[in-house]
Amino acid sequence: MNFSEVIQQLVNGISLGSLYGLVAIGYTMVYGVLRLINFAHGDIMMVGTYMAFFGVSAFLLPWWASFIFAMVLAALLGVVIDKVAYKPLRSASRISSLITAIGVSFLLENLFLVLFGGVPKAFPIPKLFAGSLNIGGVILPFVSIFAPVLGIVFLLILLQLLHHTKYGMAMRALSLDIETTRIMGVNVDAVISLVFAIGSALAAAGGILWSLKYPSINPLMGILPGLKAFAAAVLGGIGDVTGAAIGGFIIGVSEILIVAIFPELAGYKDAFAFLLLILVLLFKPTGIMGKDLGGRF
Amino acid sequence: MRFFGRLMFVLTVLLFAGLASSSSFAKAVKVGVVLPMTGPIASFGQSDWKGIKIAASLKPTVLNGRKLKLILLDNKGDKVETANAVSRLIFKNKVSAVIGAVASGNTLSGAPIAEKAHVPMVTPASTNPLVTKGKKFISRVCFIDPFQGKVAAKYVYNNLHARTAAVIVDMAQDYSVGLARFFIKAFKKMGGKIVGNTFIQTGDQDFSAQIAVVKAHHPDVIYMPTYYQELALFARQARQFGLKQTIMAGDGASEEALIKVGGKAVEGLSFTNHFDPKAAVTPLGKKFVKLYRAKYHEDPSAMAALGADAYFVVANAINRAGSTNRIKINKAIRATKGFKGVTGIITLVNGDPVKSAVIQKVKDGKFVYVTTVNP
Numbered sequence: 001m002n003f004s005e006v007i008q009q010l011v012n013g014i015s016l017g018s019l020y021g022l023v024a025i026g027y028t029m030v031y032g033v034l035r036l037i038n039f040a041h042g043d044i045m046m047v048g049t050y051m052a053f054f055g056v057s058a059f060l061l062p063w064w065a066s067f068i069f070a071m072v073l074a075a076l077l078g079v080v081i082d083k084v085a086y087k088p089l090r091s092a093s094r095i096s097s098l099i100t101a102i103g104v105s106f107l108l109e110n111l112f113l114v115l116f117g118g119v120p121k122a123f124p125i126p127k128l129f130a131g132s133l134n135i136g137g138v139i140l141p142f143v144s145i146f147a148p149v150l151g152i153v154f155l156l157i158l159l160q161l162l163h164h165t166k167y168g169m170a171m172r173a174l175s176l177d178i179e180t181t182r183i184m185g186v187n188v189d190a191v192i193s194l195v196f197a198i199g200s201a202l203a204a205a206g207g208i209l210w211s212l213k214y215p216s217i218n219p220l221m222g223i224l225p226g227l228k229a230f231a232a233a234v235l236g237g238i239g240d241v242t243g244a245a246i247g248g249f250i251i252g253v254s255e256i257l258i259v260a261i262f263p264e265l266a267g268y269k270d271a272f273a274f275l276l277l278i279l280v281l282l283f284k285p286t287g288i289m290g291k292d293l294g295g296r297f
Numbered sequence: 001m002r003f004f005g006r007l008m009f010v011l012t013v014l015l016f017a018g019l020a021s022s023s024s025f026a027k028a029v030k031v032g033v034v035l036p037m038t039g040p041i042a043s044f045g046q047s048d049w050k051g052i053k054i055a056a057s058l059k060p061t062v063l064n065g066r067k068l069k070l071i072l073l074d075n076k077g078d079k080v081e082t083a084n085a086v087s088r089l090i091f092k093n094k095v096s097a098v099i100g101a102v103a104s105g106n107t108l109s110g111a112p113i114a115e116k117a118h119v120p121m122v123t124p125a126s127t128n129p130l131v132t133k134g135k136k137f138i139s140r141v142c143f144i145d146p147f148q149g150k151v152a153a154k155y156v157y158n159n160l161h162a163r164t165a166a167v168i169v170d171m172a173q174d175y176s177v178g179l180a181r182f183f184i185k186a187f188k189k190m191g192g193k194i195v196g197n198t199f200i201q202t203g204d205q206d207f208s209a210q211i212a213v214v215k216a217h218h219p220d221v222i223y224m225p226t227y228y229q230e231l232a233l234f235a236r237q238a239r240q241f242g243l244k245q246t247i248m249a250g251d252g253a254s255e256e257a258l259i260k261v262g263g264k265a266v267e268g269l270s271f272t273n274h275f276d277p278k279a280a281v282t283p284l285g286k287k288f289v290k291l292y293r294a295k296y297h298e299d300p301s302a303m304a305a306l307g308a309d310a311y312f313v314v315a316n317a318i319n320r321a322g323s324t325n326r327i328k329i330n331k332a333i334r335a336t337k338g339f340k341g342v343t344g345i346i347t348l349v350n351g352d353p354v355k356s357a358v359i360q361k362v363k364d365g366k367f368v369y370v371t372t373v374n375p
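So the sequences go chain by chain: A and B.
For the first sequence, the numbering used here assigns the number 1 to the initial residue and increments by one for each residue that follows.
For the second sequence, the numbering used here assigns the number 1 to the initial residue and increments by one for each residue that follows.
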């Protein structure tokens, strides 16, 4: 590989990693607060993408409006899922919520299969995202620039929210101890709803960027990115927002590099994300940014 | 409307399953159908089913008026689901024959069950030679990959004047692995050189790394025998990253979804295929195209045509067998000789037909016919 190829592969990896990161943030936020791995998260990403698709193709909204529309709907869906599926089990054992999350995941996938069929749909790409830049032989598709930038912007906004607002303080308090926080007079349910709303909206954003890059959508599209984002969240230290973003970048870049360096192993690149996950669980179970005790975020 | 259609479809399937097990319809002859109606190759299953339905409307009864009941199961394009579906059809629904599956890898996982239970299984579109090899109850109505690979190699060498090729293989699909191997063998024999060989997996969406690998080798042509979804996404990203070479594919490219998802990026993509509506030679083929257009307002894909042929081969065999005895039906299927089907004339030898292939190409957002290649 020459220099420009190395740069090209790094660009590819960073842009892919930022998508994993965006989805991973939602995983990590819900886990941080509820100690629940929301396996339906990848499917919320899928639903968000379908909403954006219908926004553009059925309701004829301009692309930016339909993207916001999709994020809002995904946020609502996240809140509804929490209220319907997870809240009644709040005091049940953790494994019950986990199984429920898997159930919700299957429900969403199959509901969309029945409603919209399994044939992939082509996601319409606005002109703004279609082109690419060529800098000295390194090709930068606009989406590949846009995805990491948007990812970092969202992350900064989120960190601001977590560390400098009342709601952020409540979320951090929840991650330490839900019952004590409730005694302190915090409206716990509202804050949990907010966590689901933010996480789900980010998943939708990740899904939309994903479809701008890979414009074929189907009801099962959320499964694999969801699992890899989960691996990214664990890698970064589950419960830590910055860690999730870093974990996403690591998974994305290493997945691309493994193909670049060993083209004959390219078919196993999915396994690689999970191999990383296993190694992290073996040697540093708390992940890169994770703390052993105490608060998350 | 679409939702309603789907609901009707599900109800129909349930109805068929229900009817099949009730004794009042014991006279109907049951044939199981295993297709990927959802999942990564759903378009294939949907097309196949449309073709089978047209064929069933042309020939709804067998054995002097007994209705031929189809029981459709979705295998989701998955190997385990295929094995389960084949078992269920054979042991629970007690079908006389099975039509399916599409992907060679899927059929390979269902075939041992049919083989062991002595139930004839006819796949419309599994082209890997292993599907029927050494088996007595598995047959097909499509050509096989050693031929398809050779046709593709000849086309890129002689017509596209390519001397070097990069090959991209979907390692999760027996179809892709096999076809790539036959292409490489034929291309090398003609004097061509393979310069890059890289892999993907069904369901992959990011191909940027593979594209960079291929680009570094500057091949004359890219041979990518994978299914339509991966092809479409690969083509889009390849064009975006400035990879301009012609992409040559196999029959896995043959679905509208390729063009819908691939858009301008798949312009010029060529592939070997089983059937082109414009090259339909048999009277049955012409009639099928007419009926299909009238009902679905689109041209039948090769999958639809193969689905119809699988149905006809099974239905004719039941008539010739003169009973619903599975072993007799299998004998009759394997003795199919000179049947003028939708996709051409079908004569089975050890379960495999020898048929001609067509080459198609994407032009102005449509599949166009390029040429027919005889074996």
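Source of the hints: derived by calculation from the structure; they are not laboratory data.
One should not assume that every hint holds.
[As the list claims (entries may be wrong)] Simulated crosslink set (EDC-like; lysine to aspartate or glutamate; CA at most 20 Å straight-line):
hint : chain 1 : residue 1 : chain 2 : residue 2
1    : B       : K366      : B       : E267
2    : B       : K79       : A       : D270
3    : B       : K185      : A       : D270
4    : B       : K328      : B       : D299
5    : A       : K87       : A       : D189
6    : B       : K244      : A       : E5
7    : A       : K166      : A       : D189
8    : B       : K193      : A       : E264
9    : B       : K79       : B       : E115
[To be verified] Covered, in the sense of this in silico footprint (three residues per stretch, anywhere, with C-beta under 8 Å from a C-beta of chain B), are these stretches of chain A:
hint : stretch
10   : 46-52
11   : 77-87
12   : 110-120
13   : 174-180
[As the list claims (entries may be wrong)] To give an idea of the interface, some chain A residues facing chain B are shown, with a C-beta separation under 7 Å as derived from the structure:
hint : residue
14   : Q8
15   : L10
16   : N12
17   : L16
18   : G185
19   : N187
20   : D189
21   : A190
22   : V259
Here the structure is a predicted model, which is why all the values come from computation and not from measurement.
Glycine included, C-beta positions come from ideal geometry on N, C-alpha and C.
Hint by hint, here is what the structure shows:
| no. | hint | in the structure |
| --- | --- | --- |
| 1 | B:K366 with B:E267 | holds, 9 Å |
| 2 | B:K79 with A:D270 | holds, 19 Å |
| 3 | B:K185 with A:D270 | violated, 29 Å |
| 4 | B:K328 with B:D299 | violated, 36 Å |
| 5 | A:K87 with A:D189 | holds, 9 Å |
| 6 | B:K244 with A:E5 | holds, 17 Å |
| 7 | A:K166 with A:D189 | holds, 15 Å |
| 8 | B:K193 with A:E264 | holds, 18 Å |
| 9 | B:K79 with B:E115 | holds, 16 Å |
| 10 | 46-52 | violated (count 0) |
| 11 | 77-87 | violated (count 0) |
| 12 | 110-120 | holds (count 8) |
| 13 | 174-180 | violated (count 0) |
| 14 | Q8 | holds, 5 Å |
| 15 | L10 | violated, 11 Å |
| 16 | N12 | holds, 4 Å |
| 17 | L16 | holds, 5 Å |
| 18 | G185 | violated, 47 Å |
| 19 | N187 | violated, 39 Å |
| 20 | D189 | violated, 34 Å |
| 21 | A190 | violated, 35 Å |
| 22 | V259 | holds, 3 Å |
Hint compliance for this structure: hints 3, 4, 10, 11, 13, 15, 18, 19, 20, 21 are not met, and every other hint is.
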